[in-house]
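A.B. asks: Line by line, the protein sequences are chains A and B. Residues 26 to 454 in the numbering used here are what the first sequence lists, from first letter to last. Residues 429 to 911 in the numbering used here are what the second sequence lists, from first letter to last.
A few of these clues could be false.
Straight-line alpha carbon distances no greater than 25 Å define the calculated DSS-like cross-link-like pairs of lysine-lysine that follow [said to hold, decoys possible]:
id : chain 1 : residue 1 : chain 2 : residue 2
1  : B       : K473      : B       : K495
2  : B       : K576      : B       : K486
3  : A       : K79       : B       : K900
4  : A       : K40       : A       : K55
5  : A       : K398      : B       : K871
6  : A       : K374      : B       : K888
7  : B       : K590      : B       : K659
8  : B       : K495      : A       : K79
9  : B       : K776      : B       : K495
10 : A       : K374      : A       : K453
11 : B       : K495      : B       : K659
12 : B       : K884      : A       : K398
13 : B       : K486      : B       : K597
14 : A       : K366      : A       : K277
15 : B       : K888      : B       : K871
16 : B       : K884      : B       : K776
17 : B       : K776      : A       : K374
18 : B       : K900      : B       : K884
Okay, the calculated bits of chain B under chain A, using three or more residues with CB under 8 Å as the criterion [stated by the list, open to error]:
id : region
19 : 813-827
20 : 831-838
21 : 842-853
The hints are simulated quantities; they were obtained by calculation from the structure and are not laboratory data. Beta carbons: idealized from backbone N, C-alpha and C, even for Gly.
This is what each chain is made of:
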Amino acid sequence: MTQLLASTPFLASFKASESGAFEDIPLWLKEARRIDACWLDSFELPSFRDEEWKYTPLTSLWRRSFDLVERLDGVIPEQLKPFLIDGARNVLVLNGHYAGEVSSLPAEGFAGVTLLSGGAAYDVFKDGRQYFSAVTRNDAELFCRLNRQFLQDPLAILVKPGTTAQGLVHILNVVTSPGVVVFPRIFIRVGQGAALNVLQSYLSLSSLTGGPQLNVPVTDIVLEAGGGLEYGERHLQSVGSSYIGAVRVWQKSDSSFKSMMSTTGAGIFRSNISVMLEGAGASAQINGLHDLHAEAHADSHTFLEHLAPDTKSDQLYKCILYDAAHSVFNGRVFVRRDAQKTSSYQLNKNLLLSRECRVDTKPQLEIMADDVKCTHGATISQLDEEQLFYLQTRAVGREDSVGMLVRGFMDDVLSTVSHPLIRKALMKG
Amino acid sequence: MKDASEYPSDNKLTGDYKYGFSSEVDSDTIPKGLNEDVVRLISLKKGEPPFMLEWRLKAFRHWQGMKEPHWPNFEYRPIDYQDIRYYSAPRKKGDGPASLAEVDAEVVKTFEKLGIPLSEQKRLTGVAVDAVFDSVSVGTTHQAELEKMGIIFCPISEALQKHPDLVAKYIGTVVPYQDNFFASLNSAVFTDGSFCYIPPGVRCPVELSTYFRINAKETGQFERTLIVADKGAYVSYLEGCTAPVRDENQLHAAVVELIALDDAEIKYSTVQNWYAGDKEGRGGIYNFVTKRGKCAGRNSRISWTQVEAGSAITWKYPSCILQGDNSVGEFYSVALTNNRMLADTGTKMIHIGKNTTSTIISKGISSDYAHNSYRGLVKILPSADNARNFSQCDSMLIGNNCSANTFPYIEVENNSATTEHEATTSRISADQIFYLQSRGLEKEEAISLVINGFCKEVFKTLPLEFAVEAVKLLEMKLEGSVG
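Looking at chain A on its own, in the form it has when it is part of the complex:
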């Protein structure tokens, strides 16, 4: 029994609010959207048998309706202030719109870094059509297409070749109102031999406003030869909100990408990170932390595609579960025939701290080249009674002992972050 997306309240709701709203989009995008619209109209909802959504059912989503909202006045609500980062270039995206007037990154950029929005950003997208229109093997295609169809205010960050941007660009994505859907879109291109640090914070303030929200961002990153990016994602979302986001990274030769995603989960939380190691010598490190309480859910799908020789990837995902939390990890490593001398390492560790929590993990290797070294591992366990006992014999109370061991478990992955501001922000949670 299949149901069409078109027949759900979900799509109908923001489709209605969209009509005629984006007059200023370029012609090429209008064309692409016309094709996408047909695709969306005939899209069948994934069933519970669908491998991609097996552990993250979307049924509750289809029944809801969401609105796209217009640009708000550029006033930073008081509550947001604590989430801005001192010493970083803060860029505010409010309900899916770039709030330039309150962002501390000047439009003309800083030291070789340019920030573009509106029409200028669309031009960048047009130049990078192969990335903008790409659907990788790991993408939740529906949500990529929805993003392309309904994105309102794109951003592009360009780093000039050879520039090493010392500071941190902090992009704060905030949804303030209930019943809102947002489709943020960011394109980052790090030029040849250049380097950049970026942190994205996703914040849903439904605790203030009540009601469900949906965030469907797509972040595309292109690292030119020798380029480097340290990338962080901090998720502070409530159980009432949903997040289905994609990060896609294309790496040229000898580039390096390092990412750390930290989340406390959401009602539906799904992160798809795809890294295409296209150039020889490229390396990627993808780490993550799920720290889930109450009824929080978090699902991380990582995808590492080795397309060129001498590429290297390294993944560490750690999950801590309390209460009735549910964590999903799906890690895919794909080694193409040409990617000889590849080395790939993947580890998923889960710590279960309550009887009601649930973990589903699926580390996968798909290997077509023979001269490779690939390993993956997954463990699921509780705290070691002997370690707890030891701490207690040293006069540390049981609760504190648990806290210490949990912190140790998390530190392992948090300490992989090099940039001090990113680390500090992620540690604060």
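Assemble the complex: chain A is given as a structure, and chain B must be docked to it using the hints.
C.D. replies: Relative to the frame of chain A, chain B by itself:
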């Protein structure tokens, strides 16, 4: 000591595929196609009790409403289920063989070619054999001796006549007729297989063995094996398979059910060497088998060991349902694919009872244009306090046109559980081979040494003769693969 030369498939050691011969046997076949009448006819030919026909028909009706699954990591030419002969038996002389002497001489010769010691004097090998030729069981050795101990080991068709209550009590309890597409098909049309019952407290003194062979053209083989180890019983069971070389693909959709009651142990070993097709991937067996064991009782233990070296496509997941408290499930597998063979195999460990433990050791070897996937599920249900699992899946790639994939699913709903999974992929390196050769070993010996080391953990769980055979089988298959 057993003489290895008397053991079933020792002559697998030489040449390409030594079992490619077919035998001119006068056989009793029915027309191709599948409908209710065919199901009734099979049941009638077998002289089955009415409950079995009822069950077959239920399965058939259910199967008609099912869709063929297409989720594995490979594609195959569609199977026309109306183009298969669902029953083919060596024609019986008179009313059927009362003893081995009455079995068609050609059949006996075929089994002798295969090395199966069917005749009396060869019983000394100490293995009780039930041989299944195309669709029916042609003779079971050692029966009398086993009977004295209360062990029932006979073709399932015979069990249905002599011990209908036992069969009725257990058949379909582990793999119900609605289970999956191929299991439902099997439930409707299975023609024979082995039945084995070990009474309480009895330790079966010999290794029981079934030998399967597909001989006739355009037939499918649908056998059903049911093994019950009552309280405190122990049995070790071996299974071997071959088929003649044919251009078309033949379907083999078997069902194996194991039931272990309190304190019982079942060890099930398979060396599968069905015809795998030629170098271009023409012909070969589709080996779509449902194998599942249920540790129904406390402290029971089921252990699967498989060496998969044949079949054009292997698609099976020998599984354990760990229902009884403290029960143990084990899965040891070596899957070798070469030429254009495809394999998507692994296991499922379902932990239900408290303190249940499972171990999975899987070794995949892939060469030429073959694709080898491990797919496994470890599921810990909320009731399975202190469940423990360890999984290790290693893959070896030989050459640059093959692939090795690992798809482990781990689902945990109980926080007192501990699971560990690890997987590695590597290759036989030219360096290792060179080193061994520089120490004076022949290239073949060097390869064999490396492969042996890779698979050691699995081979050591096989009964001795099988282990020797398995090693030789892999050596032979991989000859000339490492350049």
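A.B. asks: Next, verify each hint and record whether it holds.
C.D. replies: Each hint, compared with the structure:
For the hint linking K473 of chain B to K495 of chain B, the alpha-carbon distance of about 29 Å lies beyond 25 Å, and the restraint is violated. Between K576 of chain B and K486 of chain B the alpha-carbon distance is near 37 Å, which puts this suggested pair outside the 25 Å criterion. Among the hinted pairs, K79 of chain A with K900 of chain B is inconsistent with the structure: their alpha-carbon atoms are about 42 Å apart, more than 25 Å. For the hint pairing K40 of chain A with K55 of chain A, the CA-to-CA distance comes to about 15 Å; that is within 25 Å, so the pair holds.
Under the criterion of a C-alpha separation no larger than 25 Å, the hint pairing K398 of chain A with K871 of chain B is consistent with the structure, at around 24 Å. Only pairs whose Cα atoms come within 25 Å are accepted, and K374 of chain A paired with K888 of chain B is rejected, the gap being roughly 31 Å. With a CA separation close to 22 Å, the supplied pair K590 of chain B and K659 of chain B stays within the 25 Å bound. Distance check on the hinted pair: K495 of chain B and K79 of chain A sit about 20 Å apart at the alpha-carbon level, within 25 Å; holds.
Only pairs whose Cα atoms come within 25 Å are accepted, and K776 of chain B paired with K495 of chain B is accepted, the gap being roughly 22 Å. The straight-line distance between the Cα atoms of K374 of chain A and K453 of chain A is roughly 21 Å, inside the 25 Å bound, and the hint therefore holds. The suggested pairing of K495 of chain B with K659 of chain B is violated, with an alpha-carbon distance near 39 Å, which exceeds 25 Å. Using a Cα cut-off of 25 Å, the hinted pair K884 of chain B and K398 of chain A holds, with the two alpha carbons roughly 21 Å apart.
Taking the CA atoms of K486 of chain B and K597 of chain B, the gap is about 17 Å. The hint holds against a cut of 25 Å. At roughly 17 Å between alpha-carbon atoms, K366 of chain A and K277 of chain A fall within 25 Å of each other, so this suggested pair holds. Restraint check for K888 of chain B and K871 of chain B: the C-alpha separation of about 24 Å stays at or below 25 Å, so the hint holds. The hinted pair formed by K884 of chain B and K776 of chain B meets the criterion: a straight-line CA distance of about 22 Å does not exceed 25 Å.
Of the pairs offered as hints, the one joining K776 of chain B and K374 of chain A holds, with about 21 Å between alpha carbons and a cut-off of 25 Å not exceeded. Between the alpha carbons of K900 of chain B and K884 of chain B the distance comes to roughly 13 Å, so the proposed pair stays at or under 25 Å and holds. Only residues whose beta carbon comes within less than 8 Å of a beta carbon in chain A count, and the region 813-827 of chain B has 4; three or more means the coverage holds. Using a Cβ-Cβ cut-off of 8 Å, 8 residues of the region 831-838 of chain B lie near chain A, which meets the minimum of three, so the contact claim holds.
Residues of the region 842-853 of chain B with a Cβ under 8 Å from some Cβ of chain A number 12, which satisfies the need for three, so the listed coverage holds.
When held up to the earlier numbered hints, the structure conflicts with 1, 2, 3, 6, 11 and fits the remainder.
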